[in-house]
Amino acid sequence: MNPFEKLQAIFQEVFDDPELEISPETTANDVDGWDSLSHVNLILAVETRFHITFSQKELMTFQNVGDLLAAIETKIQPGS
Amino acid sequence: MFFHSLSFALFLGVVLSVFYLTPRKGRWLVLCMASVVFYSFLGVPHLLLALGSLSVFSFLGARWIENRPEKTRKRVFTLSVVLDLSVLLLVRYLPFLTRNLSALLHLFFPSLPVGSTPVLVSIGVSFYVFQVISYLADVYLEILPAEKHFGYFFAYVSFFPKLLQGPIERGKALLPQLHAPHSMSPERIRQGFILVLWGLFKKLVVADRLAQFVDPVFSNVEGFSGLPLLVASYYYALQIYADFSGYTDIARGVAKWFGIDLTPNFHHPYLAVSIPDFWRRWHMTFSRWIMDYLFKPLQMRFRTWKTWGIVLALVITFLISGLWHGPAWTFIFWGFMHGVYMSVAVLFRSFKKPSKGKAKRKDRPQLLSIFFTFHLVVASWIFFRAQSVGDGFYVLGHMFAPSSLRGISLFSFGMRITDFFSLVAGLLLWGVGSFWVPKMLEQGKKRYWVFQYTLVVAIFLLGVIGRGNEFLYFRF
Chain A
23 MNPFEKLQAI
33 FQEVFDDPEL
43 EISPETTAND
53 VDGWDSLSHV
63 NLILAVETRF
73 HITFSQKELM
83 TFQNVGDLLA
93 AIETKIQPGS
Chain B
6 MFFHSLSFAL
16 FLGVVLSVFY
26 LTPRKGRWLV
36 LCMASVVFYS
46 FLGVPHLLLA
56 LGSLSVFSFL
66 GARWIENRPE
76 KTRKRVFTLS
86 VVLDLSVLLL
96 VRYLPFLTRN
106 LSALLHLFFP
116 SLPVGSTPVL
126 VSIGVSFYVF
136 QVISYLADVY
146 LEILPAEKHF
156 GYFFAYVSFF
166 PKLLQGPIER
176 GKALLPQLHA
186 PHSMSPERIR
196 QGFILVLWGL
206 FKKLVVADRL
216 AQFVDPVFSN
226 VEGFSGLPLL
236 VASYYYALQI
246 YADFSGYTDI
256 ARGVAKWFGI
266 DLTPNFHHPY
276 LAVSIPDFWR
286 RWHMTFSRWI
296 MDYLFKPLQM
306 RFRTWKTWGI
316 VLALVITFLI
326 SGLWHGPAWT
336 FIFWGFMHGV
346 YMSVAVLFRS
356 FKKPSKGKAK
366 RKDRPQLLSI
376 FFTFHLVVAS
386 WIFFRAQSVG
396 DGFYVLGHMF
406 APSSLRGISL
416 FSFGMRITDF
426 FSLVAGLLLW
436 GVGSFWVPKM
446 LEQGKKRYWV
456 FQYTLVVAIF
466 LLGVIGRGNE
476 FLYFRF
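Protein chains in written order, with the numbering used here: chain A, 23 to 102; chain B, 6 to 481.
Any given hint could be a false lead.
As the list claims (entries may be wrong) - When the alpha-carbon atoms are kept at most 20 Å apart in a straight line, the in silico EDC-like pairs for lysine to aspartate or glutamate are as follows: (1) B:301 with A:80; (2) B:311 with A:80; (3) A:79 with B:297; (4) A:79 with A:89; (5) B:79 with B:297; (6) B:76 with A:80; (7) B:311 with A:35; (8) B:301 with A:69.
Hints were generated in silico from the structure; no laboratory data involved.
Predicted model only: the values in this text are computed from it and were never measured.
Isolated chain A, as found in the complex (with noise of 0.2 Å):
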């Protein structure tokens, strides 16, 4: 699976929603029920599933899926 593939399942599962396709453009306003509270569970899978951290300063920037994806694949290991 790759870091794609792996986000849109832990997308499916924060959201509760096993239709739910994400795209490197897809926003908050895209997703029904991503609002403050789902996004802390989101970055927390994010980070649980990858073995990363992201720094204060990354989760500040993140305005779409693309962003969230570029930032954990600089982060994760190959083929990890």
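Since the structure of chain A is provided, determine the placement of chain B on it from the hints.
Below, chain B without anything else, positioned relative to chain A:
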């Protein structure tokens, strides 16, 4: 020099004339000088010194942040924010801190004298500090490039229509407008007149009339019980909205004449269906600021505590919001109430799945939600207006007690019967206009002159003219 004074009208006429007679490249200088003159007229000692030092620290800090290694960027950002907050603390909050700290020490060491320090600057600085911090944060987060020209930077942070009561403008919204060529189109002139007249109407016809009842009650709450307390609480909720949104409209209208669009600050806040919804509609530039620069960083810092981390972040955010309004326990308590309201909203929702909850909420009767939310807000305004937290609790505890009208009609209390009817007419016009004005700003000339004449007549016929009441948010 208040917005609703003749001296401001004259000042504005001169500044606009000089502004449009000056070649475009030099207009930033006209705006900077106009702001300096405007602040000088306020007669607040040390204000210019405080604003000048905040501007220099933030301008230099942002220039230093740019193109440096991350470690340096973070240090300079932190240092600049600490410097800005120190200025605010020194000029505004030092007496409050000294008073409370020395009162605390006095409990343990009664022989110690109770210390006091003077308030150096009481107005304007809080709005200014929020703006420069957002500018520094945006440069640090690489959302905004640092401004290279100090003149344009100073014109942005000190633009006189918006400084004393906002809107709190972000650099990315205002700086590009200052660099772009300013144009005076008939459309902008018309929009400016609509907003300025509408703001004056709200201030002079609604807010200042309501103040005639609210001020005597809240300055001596224990002299009243029952209905006057209840009515004064509702009136204050309307007064602060009319007053504050009136100022914002005038600021936006005046800015239009300089070719600048300021950010709207209110969107029917008393039609909110929940407290989070209220904060999306009330003082919107402020609530976006506290959400972006206080709540989100705190929420992320406490993320491992999940929902309770959000609750803690909300309470801290709103306590600071309360304190931002002024060095007084009443504001801190008001902030605490909103922190609790927001936390309850979060906790309540957390017991349901978000997506299913959303569908359910749509079915709930909206009117009931609006009614309930409005009353939670009114309860918080009582503490915001009261002279002490104790006074606030007195009002809450005695508003349903037997009324202390002492044979005086509620209508005539603090108001002549003609004043009361002026208020009713003003409130009706305000209600109609609230839905009419946004449409008129968008739709060209239709019924424009009718509206303008109605407002002018209403202001002179129904307004409280010549009292020179300052705007409520002026002191924050």
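Hint-by-hint comparison with the structure:
no. : hint            : verdict
1   : B:301 with A:80 : holds (12 Å)
2   : B:311 with A:80 : holds (19 Å)
3   : A:79 with B:297 : holds (12 Å)
4   : A:79 with A:89  : holds (12 Å)
5   : B:79 with B:297 : holds (18 Å)
6   : B:76 with A:80  : holds (14 Å)
7   : B:311 with A:35 : holds (16 Å)
8   : B:301 with A:69 : holds (17 Å)
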